[in-house]
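Visitor: Using the sequences provided together with the hints, build the complete structure.
Heads up: the protein sequence lines correspond to chains A and B, in order. So in the UniProt record's numbering, spot 160 of the first sequence is number 160, and the numbers just go up one at a time. So in the UniProt record's numbering, spot 16 of the second sequence is number 16, and the numbers just go up one at a time.
Derived by calculation from the structure, the hints in this document are not laboratory data. In this text, a Cβ means the ideal position worked out from N, Cα and C, and glycines have one as well. Mixed in with the good hints there might be a few duds.
Think about it this way: if two alpha-carbon atoms lie no more than 20 Å apart in a straight line, the pair counts; the simulated PhoX-like pairs of lysine-lysine are [unchecked claim]:
id : chain 1 : residue 1 : chain 2 : residue 2
1  : B       : K108      : A       : K121
2  : A       : K274      : A       : K239
3  : A       : K165      : A       : K5
4  : A       : K297      : A       : K5
5  : A       : K65       : B       : K120
6  : A       : K252      : A       : K274
7  : A       : K99       : A       : K121
8  : A       : K252      : A       : K272
9  : A       : K155      : A       : K5
10 : A       : K69       : B       : K339
11 : B       : K69       : B       : K108
12 : B       : K69       : A       : K121
Label pairs and their in silico Cβ distance ranges [said to hold, decoys possible]:
id : chain 1 : residue 1 : chain 2 : residue 2 : range
13 : B       : S81       : A       : D219      : 25 to 35 Å
14 : A       : K5        : B       : V102      : 52 to 62 Å
15 : B       : V102      : A       : D111      : 45 to 55 Å
16 : B       : Y130      : A       : G334      : 54 to 64 Å
17 : B       : A83       : A       : R288      : 58 to 68 Å
Examples of chain B residues lying across from chain A (beta carbon under 10 Å, computed) [unchecked claim]:
id : residue
18 : H80
19 : E121
20 : A207
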Amino acid sequence: MAAPKVAVVGAGVIGLSTALCIVETCPSSSVTVLSAQFSPNTTSDVAAGMLIPHTYPGTPIHVQKQWFKETFTYLFAISNSAEASEAGIHLVSGWQVFKSTPKEELPFWSDVVLGFRPMSKAELQKFPQHQFGQAFTTLKCDCPPYLLWLEKRLKATGVQMHNRKVADLWELHREYDIVVNCTGIGAHQLVGDKKLFPVRGQVLQVHAPWVKNFIRDGDGLTYIYPGIHRVTLGGTREKESWSLSPDPSTTKDIFDRCCSLEASLQEAQDIKVKVGLRPSRQCVRLQREVLSQGGVKLPVVHNYGHGAGGFSVHRGTAKEAARLVVECIAALQGSSSRAKL
Amino acid sequence: MRVAVIGAGVIGLSSTLCIHEQFQGLVPSLELELYADRFTPHTTSDGAAGLWQPYLSDGGNLQETLWNKETFDYLLGHLHSPAAKEMGLFLLSGYNLFTEPVPDPSWKNIVLGFRNLTAKELELFPGYSYGWFNTALMLEGRNYLPWLTNRLTQRGVKFFHRKVESFQELFSQGVDVVINCTGMRSGELQPDPELQPGRGQVIKVLAPWVKHFIITHNMKSGIYKSPYVIPGSEFTVLGGIYQHGNWSEENSAQDHRTVWESCCRLLPALQTAKIVGEWTGLRPARSQVRLERESIRQGNLQGEVIHNYGHGGFGITIHWGCAMAAARLFGSILQEKRKVTSSPQPRL
Numbered sequence: 001m002a003a004p005k006v007a008v009v010g011a012g013v014i015g016l017s018t019a020l021c022i023v024e025t026c027p028s029s030s031v032t033v034l035s036a037q038f039s040p041n042t043t044s045d046v047a048a049g050m051l052i053p054h055t056y057p058g059t060p061i062h063v064q065k066q067w068f069k070e071t072f073t074y075l076f077a078i079s080n081s082a083e084a085s086e087a088g089i090h091l092v093s094g095w096q097v098f099k100s101t102p103k104e105e106l107p108f109w110s111d112v113v114l115g116f117r118p119m120s121k122a123e124l125q126k127f128p129q130h131q132f133g134q135a136f137t138t139l140k141c142d143c144p145p146y147l148l149w150l151e152k153r154l155k156a157t158g159v160q161m162h163n164r165k166v167a168d169l170w171e172l173h174r175e176y177d178i179v180v181n182c183t184g185i186g187a188h189q190l191v192g193d194k195k196l197f198p199v200r201g202q203v204l205q206v207h208a209p210w211v212k213n214f215i216r217d218g219d220g221l222t223y224i225y226p227g228i229h230r231v232t233l234g235g236t237r238e239k240e241s242w243s244l245s246p247d248p249s250t251t252k253d254i255f256d257r258c259c260s261l262e263a264s265l266q267e268a269q270d271i272k273v274k275v276g277l278r279p280s281r282q283c284v285r286l287q288r289e290v291l292s293q294g295g296v297k298l299p300v301v302h303n304y305g306h307g308a309g310g311f312s313v314h315r316g317t318a319k320e321a322a323r324l325v326v327e328c329i330a331a332l333q334g335s336s337s338r339a340k341l
Numbered sequence: 001m002r003v004a005v006i007g008a009g010v011i012g013l014s015s016t017l018c019i020h021e022q023f024q025g026l027v028p029s030l031e032l033e034l035y036a037d038r039f040t041p042h043t044t045s046d047g048a049a050g051l052w053q054p055y056l057s058d059g060g061n062l063q064e065t066l067w068n069k070e071t072f073d074y075l076l077g078h079l080h081s082p083a084a085k086e087m088g089l090f091l092l093s094g095y096n097l098f099t100e101p102v103p104d105p106s107w108k109n110i111v112l113g114f115r116n117l118t119a120k121e122l123e124l125f126p127g128y129s130y131g132w133f134n135t136a137l138m139l140e141g142r143n144y145l146p147w148l149t150n151r152l153t154q155r156g157v158k159f160f161h162r163k164v165e166s167f168q169e170l171f172s173q174g175v176d177v178v179i180n181c182t183g184m185r186s187g188e189l190q191p192d193p194e195l196q197p198g199r200g201q202v203i204k205v206l207a208p209w210v211k212h213f214i215i216t217h218n219m220k221s222g223i224y225k226s227p228y229v230i231p232g233s234e235f236t237v238l239g240g241i242y243q244h245g246n247w248s249e250e251n252s253a254q255d256h257r258t259v260w261e262s263c264c265r266l267l268p269a270l271q272t273a274k275i276v277g278e279w280t281g282l283r284p285a286r287s288q289v290r291l292e293r294e295s296i297r298q299g300n301l302q303g304e305v306i307h308n309y310g311h312g313g314f315g316i317t318i319h320w321g322c323a324m325a326a327a328r329l330f331g332s333i334l335q336e337k338r339k340v341t342s343s344p345q346p347r348l
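Guide: Following this line, the structure appears as structure tokens:
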């Protein structure tokens with residue numbers, strides 16, 4: 001089959017990185033990105049983009065670790081290159097602190113991030129309400145820069161990007177040979193996945209350029225992540241909430257919680273409030289499916305449901321999705337050659 | 001009791017504050033005055049990046065190591081105060097890089113989380129095979145000096161914008177004690193062959209993605225002659241110049257190229273950073289800090305001088321420990337004066 005036509009639906013970090021992996025893996029394919037939203041209006045744009053993995057209960061740990069490692073290695077190389085500032089990738093060091101010592105003192109990713117070690121007593125003195133902590137250095141992907149950089153690289157390889165709301169994957173079967181579904185929370189409606197649910201996150205993006213280290217409470221609810229121009233203060237984890245409107249009392253609560261971790265944030269300026277719906281699932285849906293109607297088949301590769309961990313595993317899952325696309329192409333070529341007999 | 005401080009860099013201002021804090025209550029007649037021909041933002045302290053980090057080796061000078069520690073602990077204690085941002089005080093983590101293993105520094109237990117770099121971290125810095133990671137403090141002169149000035153003004157300290165030509169000039173005006181914090185130009189008040197300029201030149205850039213300090217070391221060339229990158233709250237400082245004996249305060253095109261090229265090699269992304277300024281300063285270098293009393297007598301003019309200068313490239317790092325030592329010396333002067341005034345005068 002000459003130049004298989006692949007449609008990637010979704011232009012958040014998953015859609016764009018998957019499109020890029022497909023181009024890298026199958027250079028002969030013709031890839032188009034279709035999305036109702038592009039940066040700066042995707043869920044990814046609200047995320048701080050910190051490489052600190054979220055644990056998926058339904059995925060084997062060694063797989064999650066592999067995804068994270070691939071993502072970390074990929075971004076590490078960019079952060080070390082001349083493109084780092086354009087891509088929005090930078091190293092950041094800091095602390096994850098716990099009010100009581102966690103059961104698991106060594107998370108599965110501790111040997112992937114840099115310099116992971118328990119915090120010293122002197123370091124913990126800065127957090128009188130916390131008993132235990134971990135210090136490490138990791139990477140941060142700032143959005144919009146990272147998404148814009150991915151878009152630029154895609155356009156350079158000839159990938160077309162169209163602003164288009166896809167109401168039904170089947171509507172693409174005439175124009176495309178394979179569809180890759182990276183619609184994040186949109187998959188709830190698009191493919192009717194009832195296992196996918198939103199976990200609402202509200203964050204504040206503030207001007208506080210003297211904050212150079214990240215601080216995260218091990219409960220995952222309170223965090224301070226310094227980005228290139230703004231510091232992201234978070235957050236909330238509201239299961240099944242679909243509201244994209246900022247809540248003022250939540251804003252005050254987030255601000256107070258973050259100030260108790262870092263007092264100087266009282267002086268933060270120009271507070272912007274954002275909301276994102278984490279596309280959450282027991283495990284990432286990363287699998288092939290063949291849709292068929294009236295004898296016509298449409299191969300689909302799903303890559304959605306990354307919840308709170310999208311940035312941390314995006315490259316790893318994108319590469320896996322690209323491998324599944326290769327399998328789809330092979331299957332199509334197999335069946336088309338059979339059809340010629 | 002009239003006390004005149006000469007010099008309005010970090011040493012002069014902090015010595016004044018320390019003395020006022022400790023003695024204002026005890027000595028109601030205390031009048032503190034500060035004389036300088038350069039005030040913030042035109043002092044040497046204003047150009048420094050503001051990173052707390054002593055030199056690699058203390059040269060056996062335990063006294064200076066203690067002063068460094070006192071300063072770090074004092075600043076750490078202020079980190080959570082509402083004044084921290086106004087002071088220009090914040091935590092900063094980062095890297096010290098070497099081409100060979102080196103002994104741990106005297107300050108390894110003063111800073112937070114000191115450790116060696118892992119092999120993976122060293123991959124970030126080709127050409128360097130050994131290094132340290134730690135969390136230290138930044139104290140930006142451009143914020144700290146105005147903050148100190150405000151505190152002093154609130155306390156009623158009087159400021160005089162003028163160049164003092166001699167200690168005698170102040171004694172003849174009725175000043176009892178002079179605190180000499182004249183940094184690089186101390187030699188103009190009293191010749192000191194041990195005090196030499198350590199000329200430095202830095203480039204200020206906008207590189208807000210840099211969140212760590214990175215200081216490289218070339219053990220053969222010496223301190224600050226190897227590239228360094230220090231991110232501040234508004235801009236990032238690129239440096240790596242130390243020229244002993246060079247008094248020029250002009251920016252040099254060659255030094256600019258040296259700093260720019262070596263820092264871009266260290267951090268390739270800096271190539272896209274926008275340059276917003278350039279600055280040359282003279283580190284008041286000396287084999288050790290001169291922090292001692294001297295009784296000056298000329299004709300019928302007499303007075304006590306407390307010298308507090310020669311802090312090289314570690315003025316901010318050591319300032320509070322020295323201010324407290326200067327205050328202690330001042331205390332002993334007060335003690336002596338009280339003994340003199342309280343002992344019975346023979347009546348002839």
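Visitor: Could you run down the list of hints and mark each one as holding or not?
Guide: Cross-check of the supplied hints:
For the hint linking B:K108 to A:K121, the alpha-carbon distance of about 15 Å falls within 20 Å, and the restraint holds. Simply put, A:K274 and A:K239 have alpha-carbon atoms about 17 Å apart, close enough for the 20 Å limit, and the pair holds. At most 20 Å may separate the alpha-carbon atoms for a hinted pair to count; A:K165 and A:K5 meet this at roughly 19 Å. About 14 Å separates the Cα atoms of A:K297 and A:K5, which keeps this hinted pair within 20 Å; it holds.
Taken as a hint, the A:K65 and B:K120 pair is honoured in the structure, with Cα atoms around 17 Å apart against an allowance of 20 Å. For the hint linking A:K252 to A:K274, the alpha-carbon distance of about 13 Å falls within 20 Å, and the restraint holds. Among the hinted pairs, A:K99 with A:K121 is consistent with the structure: their alpha-carbon atoms are about 14 Å apart, no more than 20 Å. Using a Cα cut-off of 20 Å, the hinted pair A:K252 and A:K272 holds, with the two alpha carbons roughly 12 Å apart.
Distance check on the hinted pair: A:K155 and A:K5 sit about 16 Å apart at the alpha-carbon level, within 20 Å; holds. Distance restraint check for A:K69 and B:K339: the Cα-Cα separation of roughly 73 Å exceeds the 20 Å cut-off, and the hinted pair is therefore not satisfied. Taking the CA atoms of B:K69 and B:K108, the gap is near 10 Å; set against the 20 Å cutoff, the hint holds. Of the pairs offered as hints, the one joining B:K69 and A:K121 holds, with about 17 Å between alpha carbons and a cut-off of 20 Å not exceeded.
Distance hint for B:S81 and A:D219: a CB-CB separation of about 27 Å, consistent with the stated range 25 to 35 Å. Restraint check, A:K5 to B:V102: a C-beta distance of roughly 59 Å satisfies the suggested window 52 to 62 Å. In this structure, B:V102 and A:D111 break the distance hint of 45 to 55 Å, their C-beta atoms being roughly 26 Å apart. For the hinted restraint 54 to 64 Å between B:Y130 and A:G334, the CB-CB distance of approximately 55 Å keeps it satisfied.
Judged by the Cβ atoms, the range 58 to 68 Å given for B:A83 and A:R288 holds: they are separated by roughly 60 Å. Using the Cβ-Cβ criterion of 10 Å, the hint placing B:H80 at the interface with chain A is satisfied: the shortest such distance is roughly 5 Å. The restraint placing B:E121 at the interface with chain A holds, with a minimum CB-CB distance near 5 Å, inside the 10 Å limit. About 7 Å separates the beta-carbon of B:A207 from the nearest beta-carbon of chain A, less than 10 Å, and the hint is met.
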